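Heads up: the sequence lines are chains A and B, in that order.
For this note's numbering, add 172 to where a residue sits in the first sequence, where the first one is 1.
For this note's numbering, add 172 to where a residue sits in the second sequence, where the first one is 1.
What the hints contain is simulated information worked out from the structure, not anything from laboratory work.
There may be inaccurate statements among the hints.
Because identical chains cannot be distinguished in the list, a pair is counted as satisfied if it fits within a single copy or across any two copies.
[Unchecked claim] Keeping only pairs whose Cα atoms sit at most 27 Å apart, straight-line, the calculated DSS-like set for lysine-lysine is:
id : residue 1 : residue 2
1  : 308       : 413
2  : 383       : 307
3  : 383       : 413
4  : 413       : 307
5  : 308       : 383
Remember, it's a predicted structure, so these values are computed and weren't measured experimentally.
2 protein chains.
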Amino acid sequence: AIVTAIEAALSQDTSLPLPADVWRTPSAGLLAGRRVIVTSGPTHEPIDPVRYIANRSSGKQGHAIAKAALAAGASVTLVTGPVNLPDPPGASCIHVETAREMYRAVEAALPADIFVGAAAVADWRAEESAPEKIKKDPDQRPALTLVENPDILAAVARRGGGRPALVVGFAAETENLIDNAKAKLARKGCDMIIANSVRSEAGTFGGERNKVAVVTAAGVDPWPELTKGEIGERLIVALSKLLPGAAT
Amino acid sequence: AIVTAIEAALSQDTSLPLPADVWRTPSAGLLAGRRVIVTSGPTHEPIDPVRYIANRSSGKQGHAIAKAALAAGASVTLVTGPVNLPDPPGASCIHVETAREMYRAVEAALPADIFVGAAAVADWRAEESAPEKIKKDPDQRPALTLVENPDILAAVARRGGGRPALVVGFAAETENLIDNAKAKLARKGCDMIIANSVRSEAGTFGGERNKVAVVTAAGVDPWPELTKGEIGERLIVALSKLLPGAAT
Numbered sequence: 173a174i175v176t177a178i179e180a181a182l183s184q185d186t187s188l189p190l191p192a193d194v195w196r197t198p199s200a201g202l203l204a205g206r207r208v209i210v211t212s213g214p215t216h217e218p219i220d221p222v223r224y225i226a227n228r229s230s231g232k233q234g235h236a237i238a239k240a241a242l243a244a245g246a247s248v249t250l251v252t253g254p255v256n257l258p259d260p261p262g263a264s265c266i267h268v269e270t271a272r273e274m275y276r277a278v279e280a281a282l283p284a285d286i287f288v289g290a291a292a293v294a295d296w297r298a299e300e301s302a303p304e305k306i307k308k309d310p311d312q313r314p315a316l317t318l319v320e321n322p323d324i325l326a327a328v329a330r331r332g333g334g335r336p337a338l339v340v341g342f343a344a345e346t347e348n349l350i351d352n353a354k355a356k357l358a359r360k361g362c363d364m365i366i367a368n369s370v371r372s373e374a375g376t377f378g379g380e381r382n383k384v385a386v387v388t389a390a391g392v393d394p395w396p397e398l399t400k401g402e403i404g405e406r407l408i409v410a411l412s413k414l415l416p417g418a419a420t
Numbered sequence: 173a174i175v176t177a178i179e180a181a182l183s184q185d186t187s188l189p190l191p192a193d194v195w196r197t198p199s200a201g202l203l204a205g206r207r208v209i210v211t212s213g214p215t216h217e218p219i220d221p222v223r224y225i226a227n228r229s230s231g232k233q234g235h236a237i238a239k240a241a242l243a244a245g246a247s248v249t250l251v252t253g254p255v256n257l258p259d260p261p262g263a264s265c266i267h268v269e270t271a272r273e274m275y276r277a278v279e280a281a282l283p284a285d286i287f288v289g290a291a292a293v294a295d296w297r298a299e300e301s302a303p304e305k306i307k308k309d310p311d312q313r314p315a316l317t318l319v320e321n322p323d324i325l326a327a328v329a330r331r332g333g334g335r336p337a338l339v340v341g342f343a344a345e346t347e348n349l350i351d352n353a354k355a356k357l358a359r360k361g362c363d364m365i366i367a368n369s370v371r372s373e374a375g376t377f378g379g380e381r382n383k384v385a386v387v388t389a390a391g392v393d394p395w396p397e398l399t400k401g402e403i404g405e406r407l408i409v410a411l412s413k414l415l416p417g418a419a420t
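Just chain A, same shape as in the assembly (with noise of 0.2 Å):
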């Protein structure tokens, strides 16, 4: 049904192209009078008082995206996992821990003309965070039974009132990075999913440059290396563009 549904998306006449000269287009103003929520680093889904799962992210793409949001105009909110960087000065900065929290934080931040989840969510949580540091019991291995967060970037695309005119998702992938990106545009629901390679090699967690692949239903847009702000700042050109009611 997946295959079907996203050969079906890549086979429309397109809603959604992305125009040619977005490289050309200085940002100021472009977002002005938009609100945008975007969504920042990792969570860390606790298993006790001291343990956690996380996912590797350094939010500095997400920030960067929020950055060049602000940048642009637009009123921005940014929900952010923890991270070690500074709050974006202009944003409305909300700090979350969890899956669940993040959640929260952009349902309250909602209505938004434009959703960017650059998060990385923690796709499962432990089912019961134990309220006491867990001993080591030599007799018995902790059990850990995994519970599915939240799908933010899915709720907010379904949404019936009040979805955003463009929501934006991520694909960090280690394998069949394109494959994966546009399953995942037509499972979630989404107009656009940024897909980039989180092979070690690659060095995009923590680092300054990444390289992505711009998804949507017209096709695949491959964009050379940039640093992480160059990302968010063609990102954010390339979604003026898109918006209803944008100038083309």
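We have chain A already, so just place chain B on it with the hints.
What follows is chain B alone, placed relative to chain A:
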């Protein structure tokens, strides 16, 4: 058996009395010619290339102890997990990610006069780290089988040849702090446990201050609330006086 061992340890005439004048002794030169190994920070245990299990630890206390040992004239090897702290100038720093890497680095850094295990080493790791990102499958929860990590503190304390004269561990507990620290002292075979509460209201994680109790076979010495730097200095002074051959 553990209770008996603790009772025996606590009833012994102490071989490690904590000098009363620890607070007023300047540390410069106290560890000249001595070798000190300190572990610091958390370990990260990979589940797959993007997910990991971690302990909460900023590394601030461990790094402060390494700096205090350097200030006292020691030759210092700092084995640190992933932290957002600069390497202390003058220390030989080894950056590791997992408990097994930390264990190998400590073994390679021995011999030493003093070992301080301040790192929050993950007790468990995933039995197998998946080489590629685990895909979310709605029909199946990921099975996370945990296996025990090497116990670095006990391994160093129980060495036959080449055991450091002083082996110091930390006990981060949310409940029964002193009882757990006393049990850990006996169970691991080390000379001193620095017990600190990590209940969230204590603010220990990531904070600049700490309140600890120093547990030795001689008994329990509760220290006042201090900065992590002050705790490092006072610990180094205390250890210098407990070293074989130290002037008393």
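Those earlier numbered hints the structure runs against, lowest number first: Result: hints 1, 4 break, sorted rising.
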